[in-house]
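2 protein chains.
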Amino acid sequence: MDTEFSTGQVLPNERELSARFGVARATLRQALDQLELEGRLVRRRGIGTLIAAPRVGVPVNGRDAGWPGAARSTAWRVVDCTTAPASAALARTLGVAEGEQVHTVRRLRIVQGVTVAAESLHVPAVALPHLAAFAEENDRARGVLRQLERIGVDGESRSVELGVAEAEEAALLERPPGTPVLVVTTQYATAGRLAAVAVSTYRADTCKLTFGESGTVEVATTAVSAAS
Amino acid sequence: MDTEFSTGQVLPNERELSARFGVARATLRQALDQLELEGRLVRRRGIGTLIAAPRVGVPVNGRDAGWPGAARSTAWRVVDCTTAPASAALARTLGVAEGEQVHTVRRLRIVQGVTVAAESLHVPAVALPHLAAFAEENDRARGVLRQLERIGVDGESRSVELGVAEAEEAALLERPPGTPVLVVTTQYATAGRLAAVAVSTYRADTCKLTFGESGTVEVATTAVSAAS
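Chains as they are written, first to last, in the working numbering: chain Z, 1 to 228; chain E, 1 to 228.
For reference, chain Z alone in the conformation it holds in the complex (with noise of 0.2 Å):
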């Protein structure tokens, strides 16, 4: 398969594959659903089955992935800001009591001119309190980023789990809902308190995340020390 086909290539039909290999139809989808989930095959209406380019490393970490406070950073694309209540999962994620006020920015990461993650950037506001009452929404996104890069981090953590996209998620990846998603949970963290939680859902067809980590010569230290 990695020798035999080229990238963008349109696949034969299910049935001229299955003659090819030599296997049942059955067992011919199995493996094509899974190289889909692999990201090595790529299905799209009206065309076939594709070979898909090779993922796209994207960095979560560090610099380049952009503290939520870059504001003018061209990676990330402001869809919308809001300000509510906080629901009873959000206020246990934030650590504050339900029903107090957050702001929630929503943008697109943009790598290559291509869209590969949503976010939900949520920041209470109380870690805000020098935020300007804005009357437009787009104003308002860019003041809530202006603040937390004013304010800095000191301290961020992250999970990665596989969830799926929701219907206005999955139309803001342009992908059908149900897609499989990477879910990146970040908690920022200023003068040790949680300052915004960002749930980022990247497209696992094709996404890899890449953390370039620093700070691990620690590591190597532990590791040498307990050696001698």
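By construction, these hints were calculated from the structure, which means they are not laboratory data.
Where is the CB? At the ideal position from N, CA and C, for every residue including glycine.
Hints should not be assumed to be uniformly reliable.
[As the list claims (entries may be wrong)] Residues of chain Z placed beyond 10 Å of chain E at every Cβ, according to the derived structure:
id: 1; residue: Gln-9
id: 2; residue: Arg-15
id: 3; residue: Ser-18
id: 4; residue: Arg-43
id: 5; residue: Asn-61
id: 6; residue: Gly-95
id: 7; residue: Pro-129
id: 8; residue: His-130
id: 9; residue: Arg-193
[Unchecked claim] Pulled a few chain E residues facing chain Z out of the computed Cβ check, cut under 7 Å:
id: 10; residue: Leu-108
id: 11; residue: Ile-110
id: 12; residue: Leu-162
id: 13; residue: Ala-204
Place chain E on chain Z using the hints.
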């Protein structure tokens, strides 16, 4: 759903559920598939569909995850160890010539008594010049891990992407083949050179990968100075 059912509870059958929620069987099945991918439902043959326990957070970086050389770690169980010439693909990954000898330690990661990941740890034989010749596989595995521990690591980088468990891996993870997994690829560097590459497949149904990150004060400083 969040309130109506509790962990471990068996769901009513599809017919009952579709009647209760007033949706078509096809719609219901799609919803159940999504909830399964999100790790909120688990299907057990002969029992039915159960409400899943919340996903376990599994640290994948820093000291908690265990540097590959942590030979005495209880978190990993060695499956086998082979030494063989690198295939073209593996050679590319390791940055060595095709056909060069590579040690591969396969092991399982155990968290709270549960197997969460299967890993193949690849180490070019040239990186471990002082490795003794072992007749017994388990001794060799231990030898490779101990040598790595002695070398130490001064840099690591990771990627996370969606994959599916192949037959052998699936068996190690006690899941059916084709199960979605989170594939974590870690490159370990020592003295500026690649010393080892670990390819770990984590069960996507039960795991949430966590990245506790330090050394991010740098990001804060950047953000603040950019704002001033």
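Legend entry - Given as non-interface: Gly-95/Z, partner chain E, CB spacing beyond 10 Å: With a cut-off of 10 Å, Gly-95/Z remains clear of chain E, as the shortest Cβ separation is near 17 Å.
Legend entry - Closest CB of chain E to the CB of Arg-193/Z still more than 10 Å away: holds (13 Å)
Inset, instruction - Mind verifying the non-interface call on Arg-43/Z? Its CB should be farther than 10 Å from each CB in chain E. - result: Given a closest Cβ separation of 16 Å, the condition holds.
Legend entry - Per-residue hint verdict: Ile-110/E, partner chain Z, C-beta under 7 Å: violated (19 Å)
Legend entry - Restraint outcome when Leu-162/E is required to lie within 7 Å of chain Z by C-beta distance: holds (4 Å)
Inset, instruction - Hey, is Arg-15/Z genuinely clear of chain E, shortest beta carbon separation above 10 Å? - result: Fine: 22 Å to the nearest Cβ keeps Arg-15/Z off the interface.
Legend entry - Interface restraint verdict for Leu-108/E against chain Z (beta-carbon cut-off 7 Å): violated (20 Å)
Inset, instruction - May I ask you to check that Asn-61/Z keeps its beta-carbon over 10 Å from the closest beta-carbon of chain E? - result: violated (6 Å)
Inset, instruction - Compute the least Cβ-Cβ separation between Ser-18/Z and chain E, then decide whether it is above 10 Å. - result: holds (18 Å)
Inset, instruction - Check the non-interface label on Pro-129/Z: least C-beta distance to chain E beyond 10 Å or not. - result: The claim holds: Pro-129/Z sits with its nearest Cβ about 16 Å from chain E, beyond 10 Å.
Legend entry - His-130/Z remote from chain E - nearest C-beta pair above 10 Å: Its Cβ never comes within 10 Å of chain E, the nearest being 13 Å, so this holds.
Inset, instruction - Go through the hint on Ala-204/E and say holds or violated, using the shortest Cβ distance to chain Z against 7 Å. - result: holds (4 Å)
In this structure, the hints that do not hold are numbers 5, 10 and 11, in rising order.
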